[in-house]
Amino acid sequence: MKAWMVTSAHNLELVEGPSESAGNGCVKIKVLESLVAAPDVNVYSGKAGAKFPVCPGGFCVGMVIETGADIRDLARGDRVYVRSQMSCGSCAACRAGKSWKCENMKVRGFNTDGFMRDFAVVRAADCVKIPDRVKDDEAVFIDYISVAVQTIAALDVEKGDYIAITGAGTLGIILGQVALYYQAVPIVIDVDADSLAAAKNLGLYYTVDASETDPRTKIFHITGGKMAERVAHIASAGMSVTRSIDFTSRGGRLAIIGRPGCVDTLPCSLENAVRNELSVTCITGGAKNDQVAINMLVGKAVSVTPLITNTISFGEIPAALQNGSELLRGHKKTLIRYD
Numbered sequence: 004m005k006a007w008m009v010t011s012a013h014n015l016e017l018v019e020g021p022s023e024s025a026g027n028g029c030v031k032i033k034v035l036e037s038l039v040a041a042p043d044v045n046v047y048s049g050k051a052g053a054k055f056p057v058c059p060g061g062f063c064v065g066m067v068i069e070t071g072a073d074i075r076d077l078a079r080g081d082r083v084y085v086r087s088q089m090s091c092g093s094c095a096a097c098r099a100g101k102s103w104k105c106e107n108m109k110v111r112g113f114n115t116d117g118f119m120r121d122f123a124v125v126r127a128a129d130c131v132k133i134p135d136r137v138k139d140d141e142a143v144f145i146d147y148i149s150v151a152v153q154t155i156a157a158l159d160v161e162k163g164d165y166i167a168i169t170g171a172g173t174l175g176i177i178l179g180q181v182a183l184y185y186q187a188v189p190i191v192i193d194v195d196a197d198s199l200a201a202a203k204n205l206g207l208y209y210t211v212d213a214s215e216t217d218p219r220t221k222i223f224h225i226t227g228g229k230m231a232e233r234v235a236h237i238a239s240a241g242m243s244v245t246r247s248i249d250f251t252s253r254g255g256r257l258a259i260i261g262r263p264g265c266v267d268t269l270p271c272s273l274e275n276a277v278r279n280e281l282s283v284t285c286i287t288g289g290a291k292n293d294q295v296a297i298n299m300l301v302g303k304a305v306s307v308t309p310l311i312t313n314t315i316s317f318g319e320i321p322a323a324l325q326n327g328s329e330l331l332r333g334h335k336k337t338l339i340r341y342d
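Just so you know, we're using this note's numbering here: the sequence shown kicks off at 4 and counts up by one.
Bear in mind the hints are in silico, worked out from the structure with no lab data behind them.
Simulated crosslink set (DSS-like; lysine-lysine; CA at most 25 Å straight-line):
| no. | residue 1 | residue 2 |
| --- | --- | --- |
| 1 | K109 | K132 |
| 2 | K132 | K104 |
| 3 | K33 | K132 |
| 4 | K54 | K109 |
| 5 | K33 | K138 |
| 6 | K291 | K104 |
| 7 | K33 | K109 |
| 8 | K101 | K132 |
| 9 | K291 | K109 |
No experiment lies behind these values; they were computed from the predicted model shown.
Please work from the sequences and hints to get the whole structure.
And the structure:
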């Protein structure tokens, strides 16, 4: 088994180890596709604060090649998506059936090994079977769609609500499409013209270039002066939380979305949040909305393949991480296809 391991900041090594077998509760997969995303670049550079050595790569589509003796729901040849977060199964939240609130959550590619490797043994409970109608290139984005669905639920978005999305990265563009599915009105804000153009090409009519226009003024005009009832602040976009608070209408809801390896410090003033009686929530994962995400892909409610701007092989991973600065901001994603 081969794996790319970050051994220290800016040091990546190809490590070969013995073959592993699938024990009880587990399956062995051949990795088919994964992504090079912002968390991976931050882990490689040392910015994320990950504990080395670690194999990066949090998003994976694989094929089951071996199952544990007790596995009944998965079989050899099944294509699966492996969740990027792994709960402990023993904390109070897990025992209460709320594994997405796990107190000891592991994030693949950050504090447990990810999928920049050829084979992996994973828990069957972390695998989601992919139907034939969903392509590998689409399934690798299931985690993003799940987080978007969780954001819509946490913000209690209703038909006709305006939802301001600060960040036209991968998650922001997917969240905008999910908002449209729920008949809300997304307003996507960013400073990157290419990402805003990608958002428009995918049907997100209202976009705001914050480098040219004051977003608050633009949102004021779009919403007829009432501002956005719902605001999704994507931490990795590098925009100000204080500004996102200013985009929210009185009594509105604000969600701050981030994950380890991709969240910078978030200094902000909560004065206006208190004054306007906002409800604030934080989101780090998709709370097992995988099946909803798959249904959206099957129904073509969300289009993700236009977000893939580069495709590489397993051997090209080092160069992709070394030159990955463009992946830290914006919508671009590099897809890894494994032979």
